[in-house]
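Protein chains: 2
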Amino acid sequence: MTGTLVVVGLGPGDQRYLTADADDALRGAEAVYGYGPYLQRVPIHPGQVHYPSDNREEARRAAAAIRHAVRGANVAIVSGGDPGVFAMAAAVCEAIDTGPEEWRRLDVAFVPGITAMLAVAAGIGAPLGHDFCAISLSDNLKPWPLIEQRLDAAAGAGFVIALYNPVSRARPWQFRNAIERLGRHLPPTTPVIFGRAVGREDEQINVVTLDAADAANADMATLVIVGSRDTRVIARPGRHPLVYTPRAAAEVSA
Amino acid sequence: MTGTLVVVGLGPGDQRYLTADADDALRGAEAVYGYGPYLQRVPIHPGQVHYPSDNREEARRAAAAIRHAVRGANVAIVSGGDPGVFAMAAAVCEAIDTGPEEWRRLDVAFVPGITAMLAVAAGIGAPLGHDFCAISLSDNLKPWPLIEQRLDAAAGAGFVIALYNPVSRARPWQFRNAIERLGRHLPPTTPVIFGRAVGREDEQINVVTLDAADAANADMATLVIVGSRDTRVIARPGRHPLVYTPRAAAEVSA
Chain A
1 MTGTLVVVGL GPGDQRYLTA DADDALRGAE AVYGYGPYLQ RVPIHPGQVH YPSDNREEAR
61 RAAAAIRHAV RGANVAIVSG GDPGVFAMAA AVCEAIDTGP EEWRRLDVAF VPGITAMLAV
121 AAGIGAPLGH DFCAISLSDN LKPWPLIEQR LDAAAGAGFV IALYNPVSRA RPWQFRNAIE
181 RLGRHLPPTT PVIFGRAVGR EDEQINVVTL DAADAANADM ATLVIVGSRD TRVIARPGRH
241 PLVYTPRAAA EVSA
Chain B
255 MTGTLVVVGL GPGDQRYLTA DADDALRGAE AVYGYGPYLQ RVPIHPGQVH YPSDNREEAR
315 RAAAAIRHAV RGANVAIVSG GDPGVFAMAA AVCEAIDTGP EEWRRLDVAF VPGITAMLAV
375 AAGIGAPLGH DFCAISLSDN LKPWPLIEQR LDAAAGAGFV IALYNPVSRA RPWQFRNAIE
435 RLGRHLPPTT PVIFGRAVGR EDEQINVVTL DAADAANADM ATLVIVGSRD TRVIARPGRH
495 PLVYTPRAAA EVSA
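If you read the sequences in order, they're chains A and B. The letter at position 217 of the first sequence is residue 217 when you use this note's numbering, and the numbering goes up by one with no holes. This note's numbering runs 254 ahead of the 1-based position in the second sequence.
Incorrect hints may have been included.
From the structure, some residues in chain B lie toward chain A, with a derived Cβ separation under 10 Å [as the list claims (entries may be wrong)]:
1. Gly263
2. Ala276
3. Met342
4. Val365
5. Pro397
6. Trp427
7. Asn460
8. Val462
9. Ala503
In case anyone wonders, no lab produced these hints; they're calculated from the structure. As the structure is a prediction and not an experimental result, all values here were calculated from the model. We put the beta carbon where it would ideally sit given N, CA and C, even for glycine.
Work out the full structure, taking the sequences as your base and the hints as a guide.
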């Protein structure tokens, strides 16, 4: 007898970005695992037990939830944003890939959520309106030269770039280094968007230019979007500007 | 006096991917504009009028909705998936950028939705678990050499690649050309995911290898995800395989 495991995206911030499917999945779970602050956003349904864990515990959390489900329970793991974007879905797959054979028989499902870059983009217009990419600046799990290679490739080919995990206490210099790197490909006036605590009451979205993009604007709750050469800013009287990348692109960049 | 315009993402398929915020925005609208098939997914609330239009009418639809809102109504425009990803949000921004000065005074907002690549990824595991990009293969709005440049840059630097608009009747050869291009950078065994009608009853998700990826598997309702060198497939007895890209990447590619 085995139960089920569902990996659920909460979207960023409060309940407003939760989908109907995610809400159903959470209601149906006997046990819910997750990083403490995300788990606090989930109401505890009758008969349901919550298992909070620490931020750096993805692999251990995934294994604990899988074991619980294999024993016969309906288990959920929550992720902020989308579980498939730099989050728990890959950790669960890694655990199944490297775990006991019986884990492959488990009924496992994934429920998508609004990932941070979509919420930040919606808060300011349509900066991801054309080809774009998502890069995690965390070098816990990959070497920094690989991150630099990807920044070069993306900016050089005209992608708008969403930067996840832009800074952390352990990595104070990375963001500055990344911005400097992007400046080799992009004009100093390129729009850069800092979205902090999006979907929460203290949400803040600021637009600056690349030459003024400072690590001091970012923390672990920040998502940064760096425009392409095509990204435009619309100034508006009495309103925040709109930033967008047009649907048409005319030229091959150098 | 002006009203409001809200650009709302419906997510893919039926109501299960609709967020609470999107649902609220649709209930509050007096007029709803959109591509006919998307609009059919929205219940008509009392006193609400729906204005369906054709697929290729984005710019005209955006202008009509803006004019309606500027006259004082609460107007919504719907997009399938996320409005900020190859969809209506950029069309609305373009219209405001190039339209009459008074359009800049309009109260305009964007509500994000689950974009197709997140839903397809969730349907098969976590293929977008590491750095990835989104490219539209439509060359209606950009030259094909630019698409090739971006495919080269993305595959060469190890991004997983989501291909939007992979084929259309007007572009029978593009998908084959793109796959051939990606084959210069990636092994023939690279996993390729075809997600069709995701979130609908007739949803289909298939995994093939790059050397077997055929335009015949794709149509306008298909989203394709091409893995990186790191993307892995987990075979499972009696279940569909899981496809994921590990959170860690070890090497800089050539």
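Hint check:
Checking Gly263(B) against chain A by beta carbon gives a least distance of about 8 Å; that is within 10 Å, so the hint holds. At a threshold of 10 Å, the smallest CB-CB gap from Ala276(B) to chain A is about 9 Å, leaving the interface hint in force. For Met342(B), the interface hint holds, since its Cβ comes within 10 Å of a Cβ in chain A; the closest pair sits about 9 Å apart. Satisfaction of the interface hint for Val365(B) is found here, the shortest Cβ-Cβ separation to chain A being roughly 6 Å, below the 10 Å cut-off.
The beta carbon of Pro397(B) comes within 7 Å of a beta carbon in chain A, closer than 10 Å, and the hint placing it at the interface holds. For Trp427(B), the shortest C-beta to C-beta distance to chain A is roughly 19 Å, which exceeds 10 Å, and the interface hint is violated. Interface hint at Asn460(B): violated, since its Cβ lies 17 Å from the closest Cβ of chain A, which is beyond the 10 Å cut-off. Residue-level restraint check for Val462(B) is violated (minimum Cβ-Cβ distance to chain A is 19 Å; threshold 10 Å).
At its closest, the beta carbon of Ala503(B) sits 4 Å from a beta carbon of chain A; the interface hint therefore holds under the 10 Å criterion.
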